[in-house]
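Number of protein chains: 2
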Amino acid sequence: MQNFTFHNPTRILFGKGRIADIAREIPAAARVLITYGGGSVVKTGTLAEVKAALKGYTVFEFSGIEPNPTYETLMQAVELARREKIDFLLAVGGGSVIDGTKFIAAAAPFAGDPWDILARQAKVRSAIPFGCVLTLSATGSEMNNGAVVTRRASNDKLVFLSSQVFPRFSVLDPVKTFTLPPRQVANGVVDAFVHVIEQYLTYPVDAKVQDRFAEGLLLTLIEEGPKALQEPENYSVRANLMWTATLALNGLIGAGVPQDWATHMLGHELTVLHGLDHAQTLAVILPAMLQMRREEKREKLLQYADRVWGLREGSADTRIDQAIDHTRRFFESLQVPTRLSGYGIGADAIPALVAQLQRHGAVALGEHQDFDIRRSQRVYELAA
Amino acid sequence: MQNFTFHNPTRILFGKGRIADIAREIPAAARVLITYGGGSVVKTGTLAEVKAALKGYTVFEFSGIEPNPTYETLMQAVELARREKIDFLLAVGGGSVIDGTKFIAAAAPFAGDPWDILARQAKVRSAIPFGCVLTLSATGSEMNNGAVVTRRASNDKLVFLSSQVFPRFSVLDPVKTFTLPPRQVANGVVDAFVHVIEQYLTYPVDAKVQDRFAEGLLLTLIEEGPKALQEPENYSVRANLMWTATLALNGLIGAGVPQDWATHMLGHELTVLHGLDHAQTLAVILPAMLQMRREEKREKLLQYADRVWGLREGSADTRIDQAIDHTRRFFESLQVPTRLSGYGIGADAIPALVAQLQRHGAVALGEHQDFDIRRSQRVYELAA
Numbered sequence: 002m003q004n005f006t007f008h009n010p011t012r013i014l015f016g017k018g019r020i021a022d023i024a025r026e027i028p029a030a031a032r033v034l035i036t037y038g039g040g041s042v043v044k045t046g047t048l049a050e051v052k053a054a055l056k057g058y059t060v061f062e063f064s065g066i067e068p069n070p071t072y073e074t075l076m077q078a079v080e081l082a083r084r085e086k087i088d089f090l091l092a093v094g095g096g097s098v099i100d101g102t103k104f105i106a107a108a109a110p111f112a113g114d115p116w117d118i119l120a121r122q123a124k125v126r127s128a129i130p131f132g133c134v135l136t137l138s139a140t141g142s143e144m145n146n147g148a149v150v151t152r153r154a155s156n157d158k159l160v161f162l163s164s165q166v167f168p169r170f171s172v173l174d175p176v177k178t179f180t181l182p183p184r185q186v187a188n189g190v191v192d193a194f195v196h197v198i199e200q201y202l203t204y205p206v207d208a209k210v211q212d213r214f215a216e217g218l219l220l221t222l223i224e225e226g227p228k229a230l231q232e233p234e235n236y237s238v239r240a241n242l243m244w245t246a247t248l249a250l251n252g253l254i255g256a257g258v259p260q261d262w263a264t265h266m267l268g269h270e271l272t273v274l275h276g277l278d279h280a281q282t283l284a285v286i287l288p289a290m291l292q293m294r295r296e297e298k299r300e301k302l303l304q305y306a307d308r309v310w311g312l313r314e315g316s317a318d319t320r321i322d323q324a325i326d327h328t329r330r331f332f333e334s335l336q337v338p339t340r341l342s343g344y345g346i347g348a349d350a351i352p353a354l355v356a357q358l359q360r361h362g363a364v365a366l367g368e369h370q371d372f373d374i375r376r377s378q379r380v381y382e383l384a385a
Numbered sequence: 002m003q004n005f006t007f008h009n010p011t012r013i014l015f016g017k018g019r020i021a022d023i024a025r026e027i028p029a030a031a032r033v034l035i036t037y038g039g040g041s042v043v044k045t046g047t048l049a050e051v052k053a054a055l056k057g058y059t060v061f062e063f064s065g066i067e068p069n070p071t072y073e074t075l076m077q078a079v080e081l082a083r084r085e086k087i088d089f090l091l092a093v094g095g096g097s098v099i100d101g102t103k104f105i106a107a108a109a110p111f112a113g114d115p116w117d118i119l120a121r122q123a124k125v126r127s128a129i130p131f132g133c134v135l136t137l138s139a140t141g142s143e144m145n146n147g148a149v150v151t152r153r154a155s156n157d158k159l160v161f162l163s164s165q166v167f168p169r170f171s172v173l174d175p176v177k178t179f180t181l182p183p184r185q186v187a188n189g190v191v192d193a194f195v196h197v198i199e200q201y202l203t204y205p206v207d208a209k210v211q212d213r214f215a216e217g218l219l220l221t222l223i224e225e226g227p228k229a230l231q232e233p234e235n236y237s238v239r240a241n242l243m244w245t246a247t248l249a250l251n252g253l254i255g256a257g258v259p260q261d262w263a264t265h266m267l268g269h270e271l272t273v274l275h276g277l278d279h280a281q282t283l284a285v286i287l288p289a290m291l292q293m294r295r296e297e298k299r300e301k302l303l304q305y306a307d308r309v310w311g312l313r314e315g316s317a318d319t320r321i322d323q324a325i326d327h328t329r330r331f332f333e334s335l336q337v338p339t340r341l342s343g344y345g346i347g348a349d350a351i352p353a354l355v356a357q358l359q360r361h362g363a364v365a366l367g368e369h370q371d372f373d374i375r376r377s378q379r380v381y382e383l384a385a
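Residue numbers (this note's numbering), protein chains in the order written: chain L, 2 to 385; chain E, 2 to 385.
Derived by calculation from the structure, the hints in this document are not laboratory data. Watch out, some of these pointers could steer you wrong.
Since the list gives no way to pick out one identical chain from another, each pair is judged satisfied if it fits inside one copy or across any two copies.
[What the hints assert, rightly or not] Quick list of in silico lysine-lysine cross-link-like pairs, DSS-like style, CA-CA up to 30 angstroms:
#1 K124 with K228
#2 K17 with K52
#3 K301 with K228
#4 K52 with K86
#5 K86 with K298
Please read these numbers as outputs of a predicted model, since none were measured by experiment.
Turn these sequences into a full structure, and let the hints steer you where they fit.
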């Protein structure tokens, strides 16, 4: 096991009806800015429920945070937060709204150009405190300190991390996910699955607990994912998925182990240039990535085949092929295509994707920091 | 899954050499009181290492915190902390030192009679902040907000919980456990094992992640426990055990599920009246407890038999018997006897144990709060 520091101070309020408890978590007399996306939280009544729970607070609203939230949109919220002297933010939505809110929280008190937080990884010394009401389980943003923001003007999709942007609290009410469209549910399962894989499927460092936990999350996704699509109002299924997606990226399973994230990096460019959903990009890239890197990931691929898919017969290479194939078929069973062609993208799109990667300096990826542009190109080709 | 709130703000500094990092975690100019037990941290050099890391701070020491720390001893430290206006505590030791330090932290600023914190569960409104340098993995106290304190004068072993007594940080350096006597290593494995069981082996609430995580911890203890005794300086083994013991009782696997803790309650009285190590009491009580309550725990016992011990043949009752037997043999393989007779305690001791339980109001225990004195008595008898 590698040395690590683990710290996650976010308070989780899990279960039915927990929105009612948020006022206890927000300082009295705070000026609260509620941030959200499109109209779904209005339509489902979640926004009204949140406002009812905030009775007595001075409340502002900012809507229109898009999937893959953009710097352009978020900077409007930053101006609002500054103008109205907001001292608490409340994100109501999924990972995009929460990621966007993290950026607003960090950018509003930031002294220089907020773009530097993303483009130059400028240190975030303070942030407006914020909470979350999660309506879509997928990204894990509700219990971590990272965010991804896209700048539309320049086609950049960039990440920032700061200990200042852990949510103070997150409400995880599985009921809030009952009304999601199937595509978003499926995306959430794929997203959580690949988050686990990025922290698990590297090389062994004898981190037994992290491995067991990662495998437990994968098994739960495999068991519950299809049920979530078949029985949208099965509370137990949604509860298990919600907690799994949160634990998939809250720092726990990644503590003390090597991490990969090359699949995410290659996927980001597909979202930026072709507008694929984040999870769709992961479903396309991962099987090709695993095939491409089967030698360097050999030991963990065999462990994955055994413990996650129960594959114990045949040669090692056969089991690895089967494990990759099971992974692909799992995504496809959730109606998430796993080839570029499934989204109408041809091989002619690859040079531009590779050029983007190069421009973003994504030239030494993976757990060994040696996954170069040439091999990235090969992965895109394998995914065609 | 049941509704739950999960919050754990303790920062974990895990790995070799992490004591060097503690100064970054303690406010500059703090008056620090180092608390420890007997001389082992002196002998091993850990205390010197801690003091070297605290260069520049005003440092005080309080030694002599005993296993099963006593109110009588801890109140001396409380007086010292008050007199010297201590504003940071640093526990260097195992669970007893950390538990004791939590009590000192809460009692020093407490306005009334500190005994009320234990005896009347008086609310702890503030506590001196503290950190830990863990030298023995077992209790999980390094990452939770509970403590057990014994009052020698009245034979009471009582628990208190407070959100004020989460450690600010805990250093988990596996190397610090290399020099432990085998008995303490074995006790640590048993202790962590039973912590998991108390939160896992109840009745199913379809909490799939919590179950998988609990099983992952149990499997790790089964794999690594014996190796820890055979290869005391195997870093990897000690690292896995250390992280497992911490995660066994940091609130994570117990969130959203029923919990039992009857084995602990019955065990406490064995420590108070007969001086058994905490883990020894658990090893004695648990097999008898599981046998006694096999019907109410039937579903989870079968899951435990399957997923933890790989028992899939024979009738359900046979598998349950085998699972309990495997549990007993696991403890015995660590040289921890699992019968009262193994500690020279006869059946004649049982009435006094039962009377203690009654005096402590332990009359409605377990996940259904219906485990009464009569059945507790039967467990002691089965454990004879």
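**Study point:** Violations among the numbered hints
**Key:** The structure conflicts with hints 1 and 5, although it agrees with all the remaining ones.
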